[in-house]
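Below are the chains, spelled out letter by letter.
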Amino acid sequence: MMKGLIAIFLASILTENFILNKFLGICPFLGVSKKLDTATGMSIAVTVVMVISTAVTWPIYNYILKPWNLEYLQTIVFILIIAALVQFIEIVLKKYIPSLYNALGIYLPLITTNCAVLGVAVLVIQKGQADPSFGFLQSVVNAFGSGVGFLVAMVLFAGIRERIEHNDIPKSLQGLPITLVAASLTAVSFLGFQGLVDGLLG
Amino acid sequence: MAKTPWQEFSKGIIKENPVLRLVLGTCATLALSTSANNAIGMGLATTFVLVGSNTVISLLRNVIPDKVRIPCYITLIAGFVTIVQMLISAYSPALKDALGIFLPLIVVNCIILGRAEMFANKNKVLPSILDALGMGAGFTATLLVMGIIRELLGAGSIFGLPITAGFMDPIIIFLLPPGGFFVFGMLIALANKLATDKGAPAAELGCANCPLCGSCSQIAEKEKERAKK
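If you're matching them up, the sequences are chains A and B in order.
Just so it is clear: in the first sequence, position 127 is 127 by this note's numbering, and no numbers are missing.
Just so it is clear: in the second sequence, position 11 is 213 by this note's numbering, and no numbers are missing.
Here chain A stands alone, though its shape is the one from the complex:
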């Protein structure tokens, strides 16, 4: 059990990295990764929302939509839940933990339409359909791991971008294109983790 959870956690960080392997959450990856502290703040906010929204959407799908044969409403229900949750988290943070709100609050409205959050909610449902032993706990661990993977990729990439700033780049490649080429090389390095998790824990 524990071993399985660790395998899911590691796989979702390294081999199934949301940004570099699944192309989810590319917008914040390219837009917010210019500075290390904003990259970290954004990723922590994404991780929190991912874990909470998976913990809420999973029971709703399996205990409300599924018994009533309403699976086709999945997309509408999930996006509304996520939008409401983000608002709720924002209000709670503002009221009770103002210091955290000041640090993360500006990223929260952006997260509703972040495909990584809806992505992880839909993905764990699909995994659960393919493999019945992939239950609630596994789903939440997967969401947390994906968030950490998001953080790892963002932080790594912010470091690379701070270096690119000082380099001499051909005019046409300046800005976005060179960032994408750097992302491509980072993705190559993550390909190296393929098979690592099975090798370690299999």
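Just so you know, these hints were derived from the structure itself, not from any lab.
Fair warning: this is a prediction, and the values are worked out from it, not measured in the lab.
Hints may contain errors.
[To be verified] Subject to a maximum C-alpha distance of 27 Å in a straight line, what follows is the list of computed BS3-like cross-link-like pairs (lysine-lysine):
#1 B:Lys213 <-> B:Lys395
#2 A:Lys34 <-> B:Lys395
#3 A:Lys66 <-> B:Lys298
#4 B:Lys217 <-> A:Lys171
#5 A:Lys171 <-> A:Lys34
#6 B:Lys217 <-> B:Lys395
#7 A:Lys66 <-> A:Lys127
#8 B:Lys395 <-> A:Lys171
#9 A:Lys171 <-> B:Lys213
#10 B:Lys269 <-> A:Lys94
#11 B:Lys269 <-> A:Lys95
#12 A:Lys171 <-> B:Lys400
Please build the complex by placing chain B on the supplied structure of chain A, with the hints as guidance.
Same frame as chain A, now just chain B:
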């Protein structure tokens, strides 16, 4: 700022190409340009949702209160995505498997919310439909170009027909995620080169193109006002 219907349609294909010029919808572009078939499937599905949402949002632009417009738009878009999901699973289950998780994720494709926010809620129905068709065509065309490049280099075929068999081995990395980032970077560089030669600014990913920009900056302004009081 009256535009002819043709201009309304054609601006989305080259001048304001949603992928290469406005840099919207990058996730779907990178993930589904692994083959020409997937590219067309995703492009058409997105175009359908875009036309539907732009039409309805434009019709309801005087009904939806400004404060809750983003949740309203998202709900409407999610409705259209559900329709597309049902149509595709009924008529083309193979395409459903190929698009996978990115089919429900059309909801959060920034092109759709972006056009709703930037165009459909300010314009009449007909221009909004033309805008949606143009943007959809631009999105599909870009995905198709990327799909053809990646499929040709990575699998040696186009639309599944073998092309380079016999004289060139496929370079598999073009089908993997790094190849997607690389080809996309090169296409943006090319588009930037062509645009800057004509005096237009280079494509930039930032707050300006983000559909939520409006709501974000409103929040910031409101907080400033509150701080003054």
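inquiry  = To test your reading of the hints: which numbers does this structure violate?
reply    = Of the numbered hints, all hold.
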